[in-house]
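Protein sequences, first through last, are from chains L and C. So the first sequence is numbered by the working numbering: it starts at 1174 and just counts up by one. So the second sequence is numbered by the working numbering: it starts at 1174 and just counts up by one.
Bear in mind the hints are in silico, worked out from the structure with no lab data behind them. Incorrect hints may have been included.
Listed below are the simulated EDC-like cross-link pairs for lysine to aspartate or glutamate, each with C-alpha atoms no more than 16 Å apart in a straight line [claimed, not checked]:
hint	chain 1	residue 1	chain 2	residue 2
1	L	K1199	C	E1184
2	L	K1255	L	E1305
3	L	K1265	L	E1184
4	L	K1199	C	D1363
5	L	K1199	C	D1358
6	L	K1255	L	E1184
7	L	K1199	C	E1360
8	C	K1199	C	E1215
9	C	K1199	L	E1314
10	C	K1265	C	E1360
11	C	K1199	L	E1364
12	C	K1255	C	E1184
13	C	K1255	C	E1314
14	L	K1199	L	E1215
15	C	K1265	L	E1184
16	L	K1265	C	E1314
17	C	K1199	L	D1358
18	C	K1199	L	E1305
Which stretches of chain C does chain L cover? Using the computed rule of at least three CB atoms under 8 Å from a CB of chain L, they are [what the hints assert, rightly or not]:
hint	segment
19	1197 to 1205
20	1210 to 1224
21	1234 to 1241
22	1273 to 1283
If we take Cβ atoms under 10 Å as the criterion, some of the chain C residues that face chain L in the derived model are [claimed, not checked]:
hint	residue
23	G1229
24	K1265
25	L1268
26	F1333
27	E1360
Don't be surprised by glycine CBs; every beta carbon is placed ideally from N, CA and C.
Number of protein chains: 2
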Amino acid sequence: MEIEFASSLLESAVTELSRLPGVGRKTALRLALYLLRRDPSEAVALGQSLIDMRRGIRYCRSCHNISETDLCPICSDAARDKSVVCVVENVKDVLMVERTRQFNGVYHVLGGLISPVDGVGPDSLEIASLIERVRHEPIREVILALSPTMEGDTTNFYIFRRLQAAELPGLTVTRPARGLALGNDLEYTDELTLGRSLIDRRPFENR
Amino acid sequence: MEIEFASSLLESAVTELSRLPGVGRKTALRLALYLLRRDPSEAVALGQSLIDMRRGIRYCRSCHNISETDLCPICSDAARDKSVVCVVENVKDVLMVERTRQFNGVYHVLGGLISPVDGVGPDSLEIASLIERVRHEPIREVILALSPTMEGDTTNFYIFRRLQAAELPGLTVTRPARGLALGNDLEYTDELTLGRSLIDRRPFENR
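All chains, full assembly: derive it from the sequences and hints.
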């Protein structure tokens, strides 16, 4: 590593910051110099919070949402309806649905969407664990709340087929009403539209 | 603090990240979730580098550039010409001038520019320490390498007057040739133009 700056400590901080997505070396340097101008406690609080977060957070054994415990607060909440499972792409989408305050069931976080172009097949996602969960737990409804994009629709359809093949007579598969703007990512949908679309959810059909 | 997320560790990391300039809560969340997806060593390396940087870096007693030692590597380098002092606005500008490889003297970092609008007067900057330095060290040339902006010109002129008032017969005050594009910040100038403008520096005159 070439020492570009007067200080190898600054060099390291800039190098580490520039590993973050969307942060180039110029931005990294600006952030590092900002922290140097501020009270030392700020950089220490930021650095320690990142270390603590990464060391303390794992994934819920049941829904694969982030959690500090074996079972996440939502899965272990007695007031949540365990018979309704909302399938989402990622952790951010759990936050989005929670904010609507329109959903009292539990989640299943896939960890992505099927995307052959990006080399993401069904086996890289938490789909097998969803099927297992639906087989062995008293689940009566699965809501497929994936983004209304090509990858989302492909993944919806794949999961729907797997659930059909599992032949679970008491199970309903639904999806949020297509009040969602087509082609947009779920995370950029406003809370009202997303909440409304959950209330209006309807049975999943083959297209 | 309201716990917006499933984890207070994530909440803390997002809050700390969003204190950085230009980082909103949405970006902070994206960065935190990115770190959660990566190997734990990455978040630890980033966090520790920020803590180490902030704890380890102080300011050079002579030039006020960042340093890990009482005197920075440039000031303590026997091969640098201590009789030529390049006055710059900030730490980033030292890096910019160093990259041109056209300057073998030492620096004086002001820590800003005079800007009455922003409440920055001469006393908030390292100007008195510059005058003291020029008075007591065998300095034959001061290069005023501030941005060719209104604040830069005001500061240039103020320092020039202070140096005149100090009546130091052997001292020359210069500035980089105005090949610099007017109205732009020094940090956005390309290395070639900046290097050239240092070679072409000429005596400072009253406008």
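Each hint tested on the structure:
no.: 1; hint: L:K1199 / C:E1184; result: violated, 27 Å
no.: 2; hint: L:K1255 / L:E1305; result: holds, 15 Å
no.: 3; hint: L:K1265 / L:E1184; result: violated, 32 Å
no.: 4; hint: L:K1199 / C:D1363; result: holds, 14 Å
no.: 5; hint: L:K1199 / C:D1358; result: holds, 14 Å
no.: 6; hint: L:K1255 / L:E1184; result: violated, 50 Å
no.: 7; hint: L:K1199 / C:E1360; result: holds, 10 Å
no.: 8; hint: C:K1199 / C:E1215; result: violated, 21 Å
no.: 9; hint: C:K1199 / L:E1314; result: violated, 31 Å
no.: 10; hint: C:K1265 / C:E1360; result: holds, 7 Å
no.: 11; hint: C:K1199 / L:E1364; result: holds, 15 Å
no.: 12; hint: C:K1255 / C:E1184; result: violated, 50 Å
no.: 13; hint: C:K1255 / C:E1314; result: holds, 10 Å
no.: 14; hint: L:K1199 / L:E1215; result: violated, 21 Å
no.: 15; hint: C:K1265 / L:E1184; result: holds, 13 Å
no.: 16; hint: L:K1265 / C:E1314; result: violated, 58 Å
no.: 17; hint: C:K1199 / L:D1358; result: holds, 14 Å
no.: 18; hint: C:K1199 / L:E1305; result: violated, 33 Å
no.: 19; hint: 1197 to 1205; result: holds (count 5)
no.: 20; hint: 1210 to 1224; result: holds (count 11)
no.: 21; hint: 1234 to 1241; result: holds (count 4)
no.: 22; hint: 1273 to 1283; result: violated (count 0)
no.: 23; hint: G1229; result: holds, 5 Å
no.: 24; hint: K1265; result: holds, 7 Å
no.: 25; hint: L1268; result: holds, 6 Å
no.: 26; hint: F1333; result: violated, 27 Å
no.: 27; hint: E1360; result: holds, 9 Å
Consistency with the previously given hints fails for numbers 1, 3, 6, 8, 9, 12, 14, 16, 18, 22 and 26, ordered from lowest to highest.
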